[in-house]
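Position chains B, C and D relative to chain A; hints supplied.
Number of protein chains: 4
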Amino acid sequence: MSHNKNEAILLIHCDDKPGIIAAVTKYVAEHKGNILDLDQHTDSANKKFYMRVSWDLDQFDLNPPEIGLDFEQTLASRFDMNWSLSFSNKPQRIAIFVSKQLHCLYDILSRWQTKEWNVEIPLIISNHQDASDVAEKFGIEYHYLPITKENKAEQEQKQLELLNSKGVDLIVLARYMQILSGTFIKQFKDNIINIHHSFLPAFPGARPYHSAYDRGVKIIGATSHYVTEDLDEGPIIEQDIVHVTHRDSVDDLVRKGRDLETLVLSRAVWKHIQRKTLVAANRTIIFN
Amino acid sequence: MSHNKNEAILLIHCDDKPGIIAAVTKYVAEHKGNILDLDQHTDSANKKFYMRVSWDLDQFDLNPPEIGLDFEQTLASRFDMNWSLSFSNKPQRIAIFVSKQLHCLYDILSRWQTKEWNVEIPLIISNHQDASDVAEKFGIEYHYLPITKENKAEQEQKQLELLNSKGVDLIVLARYMQILSGTFIKQFKDNIINIHHSFLPAFPGARPYHSAYDRGVKIIGATSHYVTEDLDEGPIIEQDIVHVTHRDSVDDLVRKGRDLETLVLSRAVWKHIQRKTLVAANRTIIFN
Amino acid sequence: MSHNKNEAILLIHCDDKPGIIAAVTKYVAEHKGNILDLDQHTDSANKKFYMRVSWDLDQFDLNPPEIGLDFEQTLASRFDMNWSLSFSNKPQRIAIFVSKQLHCLYDILSRWQTKEWNVEIPLIISNHQDASDVAEKFGIEYHYLPITKENKAEQEQKQLELLNSKGVDLIVLARYMQILSGTFIKQFKDNIINIHHSFLPAFPGARPYHSAYDRGVKIIGATSHYVTEDLDEGPIIEQDIVHVTHRDSVDDLVRKGRDLETLVLSRAVWKHIQRKTLVAANRTIIFN
Amino acid sequence: MSHNKNEAILLIHCDDKPGIIAAVTKYVAEHKGNILDLDQHTDSANKKFYMRVSWDLDQFDLNPPEIGLDFEQTLASRFDMNWSLSFSNKPQRIAIFVSKQLHCLYDILSRWQTKEWNVEIPLIISNHQDASDVAEKFGIEYHYLPITKENKAEQEQKQLELLNSKGVDLIVLARYMQILSGTFIKQFKDNIINIHHSFLPAFPGARPYHSAYDRGVKIIGATSHYVTEDLDEGPIIEQDIVHVTHRDSVDDLVRKGRDLETLVLSRAVWKHIQRKTLVAANRTIIFN
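Residue numbers (the working numbering), protein chains in the order written: chain A, 1491 to 1778; chain B, 1491 to 1778; chain C, 1491 to 1778; chain D, 1491 to 1778.
Don't take every hint at face value.
Sample of chain A residues at the chain D side, in silico, Cβ under 8 Å [to be verified]:
id : residue
1  : His1593
2  : Tyr1596
3  : Thr1604
4  : Glu1606
5  : Lys1627
6  : Arg1737
7  : Arg1745
8  : Asp1749
9  : Asn1778
None of these hints come from the bench; they were simulated from the model.
Since the structure is predicted, the reported quantities are computational estimates derived from the model, not experimental observations.
Quick reminder that beta carbons are idealized off the backbone N, C-alpha and C, glycines included.
One chain only, chain A, in its complex shape (with noise of 0.2 Å):
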């Protein structure tokens, strides 16, 4: 994705119906949009059907406020699609929760600053005080929502108000170490980015770096996820390793593990952000 081109991102997936990609190709060249990339999958097994196609606006005949509109009763309807539509020129704006741990927050923000990604983050969120400094840094607004079993629904509540009030996107947990719950997930279905520390499915839960030096690997991992109701079980967008030996103490298999966190995390926003993930049923289709 050029981030000078004026372009329309659109995803859809349905059952799998023979003529999908000719209609939708059709569609945007009778409008004349040239088609700057198209990805599809088809899932034989399950006979669903995957896209995602962008095209440039410039010459487009239609607006975009009417697109959505146009499409959904022009080929959506006709198909029965799940669609989404996004436009390149509107930055996606990011609310980061974070508790202790502040490198996968710094690894964000600095990619904010340089302009590496073209993102807006109009707040910080978390349960601790010890990133408040770096939000300051970053003049970035901060709040501490401190949980406790009692409070935890109304801090969701309050959290809930922010986030709308501020026209959040996505939210990025950015080693938030605060199980979410049902209700407050829902209100953002799709649109929660987790790093978990360790290679899912192994070691899930808490500590997952003791386990893994407990059991002698060789390898440690990292999981970005979209969050679901069953921790550490939804669908998962990135994962990577790093080699680990006898040498490495459990601290060094934290400190190594944090570079892995860092980059997993950021790889899957970044995905996120370019508009190439689709989740269908438990699984994440990461689209060129």
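Here is chains B, C and D on its own, set in the frame of chain A:
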């Protein structure tokens, strides 16, 4: 690609124009073909269009021998396309060229013998006798054609006759240490795959492991590429690396490199026989 | 390790105490051995000491058969060491156990045949007939010993007799799909290497590729380990992974996994035959 | 290395002779030091000996300031050793040189600020103003010293004065786009680390991502190395790569490369500050 499906695979490249995808997918749909996979790439810088599309032939209303001509007349000529058409039920016929090192040869033969690859291997050609026992083990014709400066043109002529008489589609240079002439290469343009034992363009030419050792690198690589007249300059299909340390002698680099050469060559051949590669200028498009 | 040098290799583990390295290196120096390589590791948490030291035997003033006894009396007893001594010019003798999948078998045989590994392979044992042709190709004794619930103890007894009569040092389970009994394992403690086709501890047990597919992982792995009575729980020698995508079917995972299994198993065997592995509690020390 | 232990670290290289390890370990033991880690390497081809040994100073019967002189007189002179001694409780002092690209700078500062690295960063030097805001955010002295052909010698003189006045041990060139003079380099021999944005020796010099794109490579790399007068020819500390495809534009290579540069530079600095690197001829020994 499923080995069981009766599938047509069409590779296209041409100048980019609006409407190509729509036209091709409409063509397939109108003839009752169900698209199994479509991957498309537009090189915006050079305004070039690349596509691979495959469809199920079961309901298709043209017979395989008719498709090419019909497609040329109906569509290809209109968009001035370069295209090629293949069928999944017709296995590629491979000739292996080898010299004294046998690891790539063993690897290819075991993939063929265990039916991992749906290919035919009618002959092995070598400028040495070292591999003749292996050929005999696996029951494959072996042609010993030693090369000197004087007899090179003549021996290449014999090779070409053998290749043509056996209906060979693809030549795999599995550590074949002779340089092929331009005349020879032209006969199998984009159908000769070589493995070079370095991460090109670092360490071209002979003895790359010695050069890598002398430079004190921390990584060694291997590169598979289509063969062109410019030695080690052909379009790259696949590259990979392995980490090395100061403890590794030249012999260790050679040993670690062998596994790399084997993998990198076999991955390139796999992509080629799946018809997932397309040479464009001096670059290789690798479809999904 | 040079194949040409006449080299003694000593592996030691014991409780950590000051002065062990000094005592051992002094011992070697006093007998006119020149140390070729020394790698030492202290597990500070558990106060354990691990060392591998190798030296040139050319000027050494003890004969190989005397070294063990002399070392035991002079040093090992003083520090209460577990130790083992080997000599580079005595190749390990390997038995391969295999079932129906042949890729690891082909790989090992080609490393032996091309002399990449300085080992002897006196026999192949299988519970199926699938590999008998391969054994014949390579001229290796093949023992077909099918296993049922009823005959298992009896067949294992036959296996043990064969292994002992052939002087086997190491058993490699090259995708052998039978569980060995505790009685059998005890006879070859720390000398049986298995390849498990997943990134343990994720997806233990049967059909890991199906489980990986169902979970929608973005990475698959393979694990080689020493065999213990707890299935898939033995000390890990080597692990590696390969990236996969939503496009990969279970068949694709199986295909990509094969290359991984082959590599991860052969790297483990290579380390073992170099005497670079030492099992400590449920962890494997891998020396440089 | 534990951050808590009071530890001496000795790096040695010299011509290989029998008895060096025995002599050094005896020396440590006799002074009541318990060895925490010993890693030794013999370059058989060039008959050179390299060793890193660390020991606990708690019971050691020499005071840190005395150790060097005593070791020189007792042992180092006997074996004609090159050696250096450091103490884990004395943090290294780092100067960062940077130009306009800020990703490596942000990364280093966040490792320092989160105390992942036990180092001090007394100053940042730049030939541009781009990083001054970042320096201010993190409260670090910033020296803007623009370089022209005419003022280069003079500015380098100012840099050296600053570095010396701040007691700097290590200079990190975090994408600093100026070539240092031989005079400057000599003052900090083996203590200047650079990151080059390619897999050296491929694509030395400027604009490596453009060259990589033009060649159609399937991998891009990054290389961290000690700086010598021969540009891009210094001893390599660390290299790594990332896979790319025909879909990646030059901009994509630059973006993917940034993460690689950041990681490869920070791994090199980590090894250096752990005193795990030793430059030998044009090669870097990396201890465990």
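Going down the list of hints, with the structure as the test:
1. His1593: Where the cut-off is 8 Å and the nearest Cβ of chain D is about 6 Å from His1593(A), the hint holds.
2. Tyr1596: holds (4 Å)
3. Thr1604: holds (5 Å)
4. Glu1606: holds (7 Å)
5. Lys1627: With Cβ-Cβ at 5 Å, under 8 Å, it holds.
6. Arg1737: holds (6 Å)
7. Arg1745: holds (7 Å)
8. Asp1749: holds (6 Å)
9. Asn1778: Result: holds, 6 Å to nearest chain D Cβ.
Figure legend: structure checked against the earlier numbered hints; every hint is met.
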